[in-house]
Structures are given as C-alpha cells and as structure tokens.
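Colleague: Residue numbers for the sequence shown, in this note's numbering: 7 to 377.
These aren't lab readings, by the way, just hints derived from the structure by calculation.
Predicted model only: the values in this text are computed from it and were never measured.
A virtual CB, placed ideally from N, CA and C, is assigned to each residue, including glycine.
One or more hints might be untrue.
What the hints assert, rightly or not - With a straight-line cut-off of 27 angstroms between C-alpha atoms, the simulated DSSO-like cross-links for lysine-lysine are: (1) LYS175 <-> LYS61; (2) LYS184 <-> LYS271; (3) LYS136 <-> LYS205; (4) LYS342 <-> LYS9; (5) LYS295 <-> LYS175; (6) LYS82 <-> LYS205; (7) LYS136 <-> LYS154; (8) LYS295 <-> LYS184; (9) LYS126 <-> LYS82; (10) LYS199 <-> LYS154; (11) LYS223 <-> LYS126; (12) LYS215 <-> LYS136; (13) LYS8 <-> LYS61; (14) LYS14 <-> LYS271; (15) LYS61 <-> LYS126; (16) LYS19 <-> LYS175; (17) LYS61 <-> LYS295; (18) LYS61 <-> LYS184; (19) LYS8 <-> LYS184; (20) LYS215 <-> LYS126; (21) LYS136 <-> LYS184.
Claimed, not checked - Ranges between beta-carbon positions, derived for each pair: (22) TYR304 <-> LEU212: 31 to 37 angstroms; (23) ILE29 <-> THR151: 17 to 23 angstroms; (24) LEU276 <-> ASN79: 55 to 61 angstroms; (25) ASN192 <-> ASP12: 23 to 29 angstroms; (26) GLY327 <-> LYS222: 40 to 46 angstroms; (27) LEU241 <-> ALA133: 21 to 27 angstroms; (28) ASP200 <-> GLU75: 54 to 60 angstroms.
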Amino acid sequence: MKKLPDLKAMLLKSCFVSAFRPIRPDEKQHYDPRIRLLGGIYDISGQPHTDSLLKRGPSPIQAHDSTYEINPNAAKRITSRAIYGGIIFNHYGHFLLESLARAWYLLDSEGDVYFHQKGKNKNGTYAGLKSWQQIILSHLITDTTRIKIINEPLRFDQLTIPDAGYVIKQYCVPAQAKALSQVGENITANCSKDSVASKIWLSRSLLPKGAIAGEKKFETALSNEGFLIVHPQLLSLAEQIQLFEDAAIVAGFTGSAFHTLLMAKNKGALLLHFSRQQQLTPDFKICPKAVGFNAEFYNFFQRYGDKIVGTQANMLQDLNGIWELLYNKGLVSSAKYHDLTVEDDLKRLDDMMHKVKGQTLKRGGYRKNVF
7 MKKLPDLKAM LLKSCFVSAF RPIRPDEKQH YDPRIRLLGG IYDISGQPHT
57 DSLLKRGPSP IQAHDSTYEI NPNAAKRITS RAIYGGIIFN HYGHFLLESL
107 ARAWYLLDSE GDVYFHQKGK NKNGTYAGLK SWQQIILSHL ITDTTRIKII
157 NEPLRFDQLT IPDAGYVIKQ YCVPAQAKAL SQVGENITAN CSKDSVASKI
207 WLSRSLLPKG AIAGEKKFET ALSNEGFLIV HPQLLSLAEQ IQLFEDAAIV
257 AGFTGSAFHT LLMAKNKGAL LLHFSRQQQL TPDFKICPKA VGFNAEFYNF
307 FQRYGDKIVG TQANMLQDLN GIWELLYNKG LVSSAKYHDL TVEDDLKRLD
357 DMMHKVKGQT LKRGGYRKNV F
C-alpha cells in the first residue's frame, strides 16, 4: 500500500503569481498534451514554483506560461497575510476534489485566500461564483471577504502554499477527509432532519449528456420496488449530504453526485457503484475509503452510442444484469427485468445530442465522418 504524504504548508516570500490564460492552438505543440491550464506561482528568483501545480495522477495538468515575462512593477502588491487556495472549477466533481483540496489547512486558517479560477466568473470575485460554490466555500471560510480570485498579476510579500490533501487518481489524506466532513457538518447544522427513504437511486436521466439508454424505464421499475429516485441537481447541498447519512442503500451509475459523500458522516450506508464507462475512475474508490463508507463496485457497461465518444457520451448498460444483482441482494422482489427498447432509446439519445448546434464536448467528441 502506497504511503500517504505528510502534508505541509510552505511559506514563500516576495513571490509572484500570474493569472490563468488559455492555451492558443498554435502553441499546443510546445506543451505536454495533458496540460490544460497556463499560469502559476513564481518564487523570489523568478523560477516557476512547480510544487503548487495541479496534478491529476502523477503528472500536472497545469504549466507555467513559457512565454511569460515577469514584471513585478506591473503587478499589484499584496502586503497582508495571504494563502494560496488552489483552482476553482465550475464542474461540481472537480470542485469537491480539487478546488477544496487544501481544506485541511483552510478550515482554521487566517488571512486572505487567493484562488485561480478555471471557467467563467461574471465579475471575477467571490460574488461571481455559482451559488453552490458560494455555499460550500462559505462553510469552509466563514468570512467570505477573505476569498479572492486571481485575475491579474500579483506580487506577494508572503504567500503560504499548503499541499493538496486530495490528488485525483492518487489519494485523499485523512486530514483532508476530516476537513471536508466538517464542511458538510457546517452545511447541514441548521437543516431539518427529514426522513429519507432507505433505498436511494442516484439518477442521471435528467442530465443532457452521458445518458444511459433505458434508464427512465429502469427507474420506474425501481420506484415500484421501493427505491426513491433522486435527481441530485434538484436538491440542496444539505439534502444531498443527508442522503448519504440517512439511507441504508445508495446506488446508481458513477458520477460526481457520489463525491458528495466526502462531506457526509458515515452512518452505515452501503454504496453500490455501477461504472458508467468501460473503466472505473479510481476516485470512486478513493472517496468512500477516505471517509469509511462501505462501497461495492460493479461494471455492466456494454457499449457507447454510434455517434458520440468520450466521457459525456450516451451508452448502453446491461440493465437486466444490474436488476439481477439487486434481486440477489434482496433489494427488489422480482427476479427479472426486461426492456427490449434500449437499443432504440440509445439511438434516440444520440440523435438528440447530434442535433444540438455548436455544442462542445470537453472530452471526447463526435465520431469522425458523422456529419
């Protein structure tokens, strides 16, 4: 078993931070194909501070701009105590795992916290963040005036850079898991404790991408067997957290909704993950292990649709096989499930996505020669 790192926080004096900028098409050849973000921190000698770069797995997806010229005189000087918070993502799952990766340090910290941001922010401030981002950050950093977004070159007299307590595909350090659990406790502290069904199915059937053919019919059958069909995006954050705390069974196809468990208390729920894709992303195992949830993982993936590939593609799953597994666990009463329309439904889902004009898939894309 790989040893988890000992977390530390480094203090840099007289350092420089550049804002993010996109990689131009004509310069992609100069960077590793994995690089998605340009910008970062430079030390007192003007050298890139590589320890602060965002990693996914063992390699960074962030790089310093190779053409950037540091001009301290043109940068805004920050003389007050400051902490580097990391990168704010607008994607819910990446926000939980990566934007909050320094929660272990930030929870009880003092001083302004500076974040880079990937994605749109209508005014470049905390107030311009999405409402759910504000809710989570405000329960991590209660004085939200401390939260700053890096939109211009900055020169810090002193900048504390905590290690990331969570690295995608790698690990979640216990101190990080404890901090996220505290954030979840803060969010749910003043919420009513309504009763939750004992069997929960986390649905993806209302999402515009990455649909499972036949899921709506499958959910109707599950509902008839006592499952509560939950669309997480329609619930408050507190309600999502409470699902994991109060249900006996939480099942569904893998997705960001399962990462919410990092903010929940383990009260004995069994998690049944059904891999949405050919390979299970390691983080679906890292998260429940970090907070002590009992989790099982299954793969009934069959194939993607004919027109779209990648992580946001529509797909065919062996719903009959999933039903049989649930039956063998005593979670449904009827032994068999059959739906002869799933192939037609997959084609319908693909045709719907294919007709969307100007849609950009962040990963993968359309198959060649479709248009």
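Colleague: Under the constraints set out in the numbered hints, which ones does this structure not fulfil?
Modeller: 3, 4, 6, 10, 11, 16, 22, 23, 26
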